[in-house]
Amino acid sequence: MKAFLKFLFLFFVLVLAVRGASTLASPDENRYYYPEGSNYLDPDNFTSGGTGYYRFCSIGMFRVKPATTYCFCSLQPDLFQIGWYDFEFFDAAGRSVPEITTYEYRYQEGNIIAMVFETPASARFMIIEVETCPVGDGEVEEFAVDKYFALSEGEEAPEGDARYQGPGSFYPLTDVEEMRYYASYNDVIKVEDLLACLRAVDDVDGDITARIEISEDAYTENAAVVGVYPVRFSVSDKSGNTASLAVYISVCDWDAPAIFGPEAIDAEPDEFFSEDYLLGMLTARDDYDGDLSSAITVVRNDYAGNHDREGIYRVEFAVSDGSGNLATHIININVKDRTPPVITGPSEYRKPNNVVIPLNQILSEYRAADNVDGDITDWIEIVENNYSRNPNRVGSHAITLSASDSAGNETTFTLYVIVEDVTAPIFLIDVEKIAVTVTADGVILRDLIAQTANSDAGIIEVISDGYTGNEKTPGTYGALLKVGGKYYKLEVTVNGAEEPPRPKKKNFFKKIGDFFKKLWKGLRGLFKK
1 MKAFLKFLFL FFVLVLAVRG ASTLASPDEN RYYYPEGSNY LDPDNFTSGG
51 TGYYRFCSIG MFRVKPATTY CFCSLQPDLF QIGWYDFEFF DAAGRSVPEI
101 TTYEYRYQEG NIIAMVFETP ASARFMIIEV ETCPVGDGEV EEFAVDKYFA
151 LSEGEEAPEG DARYQGPGSF YPLTDVEEMR YYASYNDVIK VEDLLACLRA
201 VDDVDGDITA RIEISEDAYT ENAAVVGVYP VRFSVSDKSG NTASLAVYIS
251 VCDWDAPAIF GPEAIDAEPD EFFSEDYLLG MLTARDDYDG DLSSAITVVR
301 NDYAGNHDRE GIYRVEFAVS DGSGNLATHI ININVKDRTP PVITGPSEYR
351 KPNNVVIPLN QILSEYRAAD NVDGDITDWI EIVENNYSRN PNRVGSHAIT
401 LSASDSAGNE TTFTLYVIVE DVTAPIFLID VEKIAVTVTA DGVILRDLIA
451 QTANSDAGII EVISDGYTGN EKTPGTYGAL LKVGGKYYKL EVTVNGAEEP
501 PRPKKKNFFK KIGDFFKKLW KGLRGLFKK
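Each residue of the sequence shown is one higher than the last, beginning at 1 in the working numbering.
Please note: incorrect hints may appear among the correct ones.
[As the list claims (entries may be wrong)] Derived DSS-like pairs: lysine-lysine, alpha-carbon spacing no greater than 27 Å straight-line:
(1) K65 <-> K147
(2) K486 <-> K351
(3) K482 <-> K351
(4) K238 <-> K65
(5) K489 <-> K472
Read the hints as simulated data drawn from the structure, not as lab findings.
Make the full structure from the sequences, and use the hints.
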């Protein structure tokens, strides 16, 4: 059956033509195409030569229609007429056609200017060789076949611009049973659109494009799924001869995935970003395959071996989808020391006001460290010093320190020296008012306090006592008393055996009592604090 159909194809020559040859099939030679315009003579397919009598010959066969009337004529009969010619026809297999062709001639001034003939029924190609007959003394600068001669369909010479217009957009498919068409999964085509690109021509019935049918369609329901799906077209002439053409539509994914993530990041010389860490910054998405983040790979890494050196280093990533479409992404890592050093030590340094501490001793407790340069304590500088001028003045004194690393990153640190008052306050009594004179009778300090203290004075604590033990020894002795958190100094003078004159109505203890009562009354407010 197959051999029979092939015979029918050759005999009846059922031809399928496909529009958009660059998409479906595109032979390199124009001879397989009908011309776009009316003139079949492609000047690139001819050689010519001679002076006066020009001879031109086709280099290769060019396509013609079978059993079709053609006119070969001079386009400028006042310059060139037909002197001699040789036309030869060939079938679809390239074999010479032996049929005898009848020519009708048209003359001007006794010379042939046009020839009308019908191609043999089995003719598919032809070659021609012509020698021109010049008219008068006319000369041409450059001979072009399609400028002076034409081969066109019909009995008359072509009108208008008869120059060769190039191959037509329909490519005849003789004895072709299948073809391939490529389409994107996200740009669905309609099988009806493919059908509209087809023409069917029968040698007997002529154009039978309207009889083309879709006999198989595996594409439509899979138009968005990558794969290869056949669509079969068939056509029959009025005699029942059938031809079919299978177009295998390859549904493709031509769109590359996309990688999302930073294009530049900063890094310190003392830190290292592993490839896994960098991959964690990226995601990949493909319109067809979806999430491809886990498929991202590192294809170039200039950073790993230079992570501790300042500079900008390139790390390149890539990912491919299921169709082999490749996407790349580059991260430029800028390695630079941007971290300032750190000064460590107490923010406050406390000292008593009665002890001198040199500044160097205080600063010895402070250190400076840098992430790149390491220990840079020796690089510490004093920016502000409010302590050295007031080392024993009670209060807070600021000292500001600074340190810079080799990259110029600077840090400052302010510490405060707290000078504390550790000297207890002393309650000083005017000598004229508090000087107590006693005889060497042995009056003890407790009795003095008990007899003289005001009842509101509170607890009286003896801090130091230089009097006790010297009650009978002449001299001046001091005692330090603490009352309500305050300190008071009491001076007691012990006289010898000679007694001081006494008032007639006051004994010794009465005198002392009056004195201290007066004293305590004056200081009552102080004791209450």
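Going down the list of hints, with the structure as the test:
no. : hint          : result
1   : K65 <-> K147  : holds, 23 Å
2   : K486 <-> K351 : holds, 23 Å
3   : K482 <-> K351 : holds, 25 Å
4   : K238 <-> K65  : holds, 20 Å
5   : K489 <-> K472 : holds, 20 Å
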